[in-house]
Amino acid sequence: MARQQTDHAPSHFPSRTLVLDNGAHTLKAGIASPDSRPDKCHTVPNCIARSHRDKRTYIGPELTAECDDFGELAFRRPVEKGYIVNWESEKAIWERSILDKKAPRDLQCEPQETTLVLSEPPSAPAQLQRNADEMVFEEFGFAGYARVLAPALSSYAPSPFASTAQSPSGLPLECLLVVDAGHSHTTTTPLYHGRPLHGSIRRLEVGGKTLTNQMKELISRTFDVHREDWLVGEIKEDVCYVSQAFNADLERVWKGGRHDPRRPDASVVVDYVLPDYETIKRGFARPHDPSVNLRNRALGIGTEGGRREHILTIGNERFVVPELLFTPSDIGLPQAGLPSTILQSIHSLPASLHQAFLANIVVTGGTSKISGFLERLEAELRSMVDSDMLVRVARAEDPVRNAWLGGARLAQSREAMEKVTVTRRDYLENGEGWVRRVFAGKTGR
Amino acid sequence: MASGPLRFRTPHIEELATAQSRQTPGFAWVAVSGGQGDPAKNWGTSNRKRQRTSLGGQTEQQKEALSARQQREIERKIRDLSSDNSKDARELPIPKRDGSSSGGGGAARPGKTTNTKRILASGKTFAHYLDDEEAEIIRTGRRDVDLEAPTQSAAQRPSKTPLHRRKVRENSAASVTPEPTTASSRPPPKLQTAQSSSGPEVVEVPVDSLADESLRLPTEAELEALLNAPPLTYNEARSAPPSSGAPAPRRFCETCGYWGRVRCMKCGSMVCSVTCKDDHDQFKCLKMYA
Ligand SMILES: [Zn+2]
Ligand SMILES: [Zn+2]
Chain A
1 MARQQTDHAP SHFPSRTLVL DNGAHTLKAG IASPDSRPDK CHTVPNCIAR SHRDKRTYIG
61 PELTAECDDF GELAFRRPVE KGYIVNWESE KAIWERSILD KKAPRDLQCE PQETTLVLSE
121 PPSAPAQLQR NADEMVFEEF GFAGYARVLA PALSSYAPSP FASTAQSPSG LPLECLLVVD
181 AGHSHTTTTP LYHGRPLHGS IRRLEVGGKT LTNQMKELIS RTFDVHREDW LVGEIKEDVC
241 YVSQAFNADL ERVWKGGRHD PRRPDASVVV DYVLPDYETI KRGFARPHDP SVNLRNRALG
301 IGTEGGRREH ILTIGNERFV VPELLFTPSD IGLPQAGLPS TILQSIHSLP ASLHQAFLAN
361 IVVTGGTSKI SGFLERLEAE LRSMVDSDML VRVARAEDPV RNAWLGGARL AQSREAMEKV
421 TVTRRDYLEN GEGWVRRVFA GKTGR
Chain B
1 MASGPLRFRT PHIEELATAQ SRQTPGFAWV AVSGGQGDPA KNWGTSNRKR QRTSLGGQTE
61 QQKEALSARQ QREIERKIRD LSSDNSKDAR ELPIPKRDGS SSGGGGAARP GKTTNTKRIL
121 ASGKTFAHYL DDEEAEIIRT GRRDVDLEAP TQSAAQRPSK TPLHRRKVRE NSAASVTPEP
181 TTASSRPPPK LQTAQSSSGP EVVEVPVDSL ADESLRLPTE AELEALLNAP PLTYNEARSA
241 PPSSGAPAPR RFCETCGYWG RVRCMKCGSM VCSVTCKDDH DQFKCLKMYA
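One line per chain: the protein sequences are A and B, in this order. End of the first sequence sits at 445 in UniProt numbering; the numbers just go up one at a time, nothing left out. End of the second sequence sits at 290 in UniProt numbering; the numbers just go up one at a time, nothing left out.
Careful, some of the hints might be misleading.
What the hints assert, rightly or not - In the PhoX-like style, the derived pairs of lysine-lysine whose C-alpha atoms are separated by at most 25 Å in a straight line are:
no.: 1; chain 1: B; residue 1: K77; chain 2: A; residue 2: K102
no.: 2; chain 1: A; residue 1: K101; chain 2: B; residue 2: K77
no.: 3; chain 1: B; residue 1: K124; chain 2: B; residue 2: K77
no.: 4; chain 1: B; residue 1: K96; chain 2: B; residue 2: K124
no.: 5; chain 1: A; residue 1: K369; chain 2: A; residue 2: K281
no.: 6; chain 1: A; residue 1: K101; chain 2: B; residue 2: K96
no.: 7; chain 1: A; residue 1: K101; chain 2: B; residue 2: K124
Unchecked claim - Derived contacts from chain A toward chain B, CB cut-off under 10 Å, selection only:
no.: 8; residue: L63
no.: 9; residue: C67
no.: 10; residue: G207
Just so you know, the hints here were simulated from the structure itself, not pulled from any lab data. Just so you know, these numbers come straight off a predicted model, no measurement behind them. The C-beta atom is built at its ideal place from N, Cα and C for all residues, glycine as well.
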């Protein structure tokens, strides 16, 4: 073991660190540098998409760079439930995004001279961790490797609380509860000095994809969008909001009964102009106009420049869909809503720690960008805990790239990196079981 | 507040005056249940009793069949909503690109070592991995990741780690209870405290400071124990159902999304009004049989 220690001597550490937050929807990748800013991070679709229209298959970054028509795309995703399950497709995407000649210049790296910091969601099955470790060392041949919980990376990102003193790069925040509202699910992770309190991590199985799929179902009641994953994802991003008064909002948009018709509130209902991927590249919402003749619009009569407009009217779907984060029972999911899930995490800790975590809740992940999310979360939490408790909830400045940014800042501290990194030589000498124990914090170093 | 009832900001649906099984052909007027009852006990197929009281004008067998079918329908829907891949896209072939070693075509299977060949060729889904892990926990009582490092390496370690830390880690790892867990019975996460370990670092806490447990800060040893607690399994980490006393699940009109106030006796769908009922009868009903 003494020899072991010398392996961790700084000279054995590759100078380059690739930080890869491998999300189910997009992967966030960038080489860490002293001025690690979010704009050093590339956001790449983590999927293989097949177009039914041009019969092309797009791998990862090709989708945003080369595809013009996002209609009827079928998606194959290597990440399932947040974990890398299918390495055949993930390898193709990594190669196309990071490793091969077509990859952006500032991302290209020689794995033999690079340390990989790879994010992972909590509660991973051990076999999937083993697969990741073997692929990283045996297939890609990285010189160093740290597999870190994504929320733990987030604890190295700057604090979004204005009053909290900013810690220098490489130092985690002291007490932090990271709510990661991602594509697959939403996890709640309490961390103490950057170390996760494993027994208190919880997962609500509602994420961005649940919302997109539910949106698809609801819109398809009037207009079939079952094959339009991409479009519905954009509609969700454009129109959804979390209601602060669900019952009242639902009343406002009801059309009424046969004998007491009502006029739905025009401030909620929107007309969504669908993209045709020719003149309209991306759909957009505008206030609902009940006088619009849909047939004329579709024929290009009375539209801007005579273009054909296909319009989808969206009402209660705007807030009924994201409501699933707060009331999962609306689709029969037997799990508590997000505020209560957060309290399940906190209440599993000693009472004296409750306040510290309640006052330091940081929200990350793309789904947290939905308008009203933060306000509703804070208000519901506030109503659920004693009034003498301080509740503070903040959204990371860049919720999508927060874990990446944290990883890039972690990489600036050699001392912190040595604690979490395993070298290829460690792996060859000690085997994958030892490596997994290091990442689980079971083997001190 | 340790674990008070879930308080929703929204009141639950109130009963309509027209509730009591006024018969309309094909419909029963449904008494939308109030907030009483324990929803945690009503999940799954065990909510038949509640369903039974809320349906009028049908035989017991019809109601049982309907509610069982509805339950299957809900489970199918949740599966669909949680799906990661587009339908039939899981097997989408991956085209080869210049400068990459992936994709078919070559004589050799992709993968540089036996391990990675196996991983790359694996068609396993997440559900397979989860089943494998649960089976392993039942068989061996633990996950291999929970095993402590081989003893010789622990013994040979230069003592960089303070003794009391190592002690706690060994204790917490040794006490990983071989306790098979299933999705249905989720044990509360164990909090390893210094009091329950038998090592030399047991902290003696003066009796009077225990009077208010909530004010006593955790000792360093307790914190270390918390930090070294083994990760929960995938199934253990799942958010628990709403606490008892939470409002009953809300029902929505399946035509327009407003409150569901009327249940179709043929298929169990909810609608809000006569207008939506007409639409349902004309276009959507019996879809479940299709
Ligand atoms: Zn309706
Ligand atoms: Zn029906």
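Q.
For each hint given before, does the structure comply? Return the numbers of the non-compliant ones in rising order.
A. 1, 2, 7, 8 and 9
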